[in-house]
Amino acid sequence: MSLLEAITQQCHKTPNKIALQDAKSQLSYAELEQHLRHLSTLFKPGQRIAVAMDRGVDAASAILAIVYAGACYLPLDLKNPATRLRYILEDAQPTAVIGFGDKPDWQPNSITWLPFQLPAQQHALYPADPESIAAILYTSGSTGHPKGVALSHRAMLNFADWAGDTFTLSSTDKVASLAPFHFDLSVFDLFSSLSRGATVSFVPQALTLSPSRLSQWLAKQAISTWYTVPSLLSFLVLKGDLANTPLPQLRQILFAGEVFPTATLKTLTDLLPQTAFYNLYGPTETNVCCYWPVDRTRLSDNRPIPIGIAAANADLKIAPDNSELWVKSANNFSGYWQQGKLNAPKLKAGHYPTGDKVSLNACGEYDYHGRLDRMLKCSGFRVEPAEIEAAILRHPHVAQCAVIGIADPTAGQRPAAALVLSQNTALTEIIQPLRKRLPAYMLPSQIKIVDRLPSLNSGKIDYSTLTELFK
Amino acid sequence: MIKQKIRDFIFRELVFVDNPAQFSDDDDLLEAGLDSMGIMRLIMFIEDQFGVTLPDNEIEPDNVKSFNALESWILRHKKP
Chain A
1 MSLLEAITQQ CHKTPNKIAL QDAKSQLSYA ELEQHLRHLS TLFKPGQRIA
51 VAMDRGVDAA SAILAIVYAG ACYLPLDLKN PATRLRYILE DAQPTAVIGF
101 GDKPDWQPNS ITWLPFQLPA QQHALYPADP ESIAAILYTS GSTGHPKGVA
151 LSHRAMLNFA DWAGDTFTLS STDKVASLAP FHFDLSVFDL FSSLSRGATV
201 SFVPQALTLS PSRLSQWLAK QAISTWYTVP SLLSFLVLKG DLANTPLPQL
251 RQILFAGEVF PTATLKTLTD LLPQTAFYNL YGPTETNVCC YWPVDRTRLS
301 DNRPIPIGIA AANADLKIAP DNSELWVKSA NNFSGYWQQG KLNAPKLKAG
351 HYPTGDKVSL NACGEYDYHG RLDRMLKCSG FRVEPAEIEA AILRHPHVAQ
401 CAVIGIADPT AGQRPAAALV LSQNTALTEI IQPLRKRLPA YMLPSQIKIV
451 DRLPSLNSGK IDYSTLTELF K
Chain B
1 MIKQKIRDFI FRELVFVDNP AQFSDDDDLL EAGLDSMGIM RLIMFIEDQF
51 GVTLPDNEIE PDNVKSFNAL ESWILRHKKP
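Protein sequences appear in the order of chains A and B. Counting from 1, one number per residue, gives the positions in the first sequence under the numbering used here. Counting from 1, one number per residue, gives the positions in the second sequence under the numbering used here.
Treat the hints with care, since some could be wrong.
[Stated by the list, open to error] So, partial list: chain B residues that the calculated Cβ filter (under 10 Å) puts toward chain A: (1) R7; (2) V15; (3) D18; (4) L30; (5) M44.
Keep in mind that the hints were calculated from the coordinates and are not lab data. Where a beta carbon is used, it is the ideal one built from N, C-alpha and C, also for glycine.
Looking at chain A on its own, in the form it has when it is part of the complex (with noise of 0.2 Å):
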């Protein structure tokens, strides 16, 4: 089975159910299957295709129909700096970019520029190889660059199959959509969502500025399921309102991207006492592969969270010598998009090594102890202090650069960044370029000027004392 098959079977079930449906329009499932019947004849199969389109009804069926068509899809972050978009372009190598009206300006020439609309012509579902690849998400790279995750049907069949059965998903939920589609919870809310027969509903994106608003929609829409990540859920915690809007439907929270600390999680578990948690870990190379059915009599504020047992046949390892998770699962990514061409995953015994160390506990569950490498996670994205050092160093006064993560109550981490100048420099002359190169959460948050960088006897930057420059 393909991808779409199971989202145009579910059509021919419920055809008069609600697909999508966001602030300004709607879709019923067979309304859904005429749209991608029309929408996927601008598309050929092979063909990678970027989506410059914000969430919504839209957007999701244009991503729907590239599938349908056979073709690959590769959200775009239209919050990214054109600089960074225009990199995204050029290694991705995309046939052509779909969105809502002219041409960008951070658009290359070289690629066709697509403008969303509905086609008279129409064409069937095309039979996808299971192995093709399907989406293209980029996340920041250590290298000093964004790098491309490439998914394949089945990866994405497989998880969207695991989530369905796991969290019972079926045409009476509701599920609600915040996440951005180049992140890796998308693929829940649209591809596990519309094979069960759900209703997906796009969160407004300002009610994220408005916490009380947001339980207020959650409750007059009746989402029964919402994946999210923790910082959200703590905002909803502090200043939701929560204790004066009960939210009976909502049935079950899934959550992953970042840690949740503990006592906030306890508070929101009495809030809502209903409703079901899920902790969900995995790299976006492995989508979801530990989950955790938050056990509420566990929950004791000085101790994390465990991330759980094996998720969809995942077969789990813990390397002897550092404790690094191996994963090899049929979620699995099939390697990294990069200058065009897709390149091999390195391997570990057949396993994805994710860089996180973790440890078996007295249930048998998997505890995470962080990283083993740089990576930060800030407000639930993936960071790379590579990235951001790289971007910094352009600057032609900057000698050195090292980039840390500080703790922060609400965002997970922080990047703050040391520098040593080759020449008396205004920090905002140093930090207006990066404003051009990257989103806004990968911007340092504090920036030190010092006149060496801490080294160890080794000659490596000692991020130990530069971590305490920042306390």
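Given the coordinates of chain A, assemble chain B onto it according to the supplied hints.
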């Protein structure tokens, strides 16, 4: 006083602008990059610094969009 403290906090921790001195009290903080996580940290900072409790249902873009909006919002809740 209130405005200066908020200014220092926002420009130090939440929003980078090219030239903070040129950012007026009416300029749009949301356009400048103040996002949901930034608002959450700002509210924690304000409640802690000024001893106010900002009601849940008043946390919305209109009250946090500029330094002037923030100041009048805080003053409405500050006991004389």
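Outcome of the hint check:
1. A least Cβ separation of about 15 Å between R7/B and chain A goes past the 10 Å threshold, and the interface hint is therefore violated.
2. For the restraint placing V15/B at the interface with chain A, the shortest Cβ-Cβ distance is roughly 8 Å, inside the 10 Å limit, so the hint holds.
3. Hint on D18/B holds. Least Cβ distance to chain A is approximately 5 Å, under the 10 Å limit.
4. Proximity of L30/B to chain A holds as hinted, the smallest CB-CB distance being about 7 Å (cut-off 10 Å).
5. About 7 Å separates the beta-carbon of M44/B from the nearest beta-carbon of chain A, less than 10 Å, and the hint is met.
Taken one by one, the earlier hints fail for this structure only at number 1.
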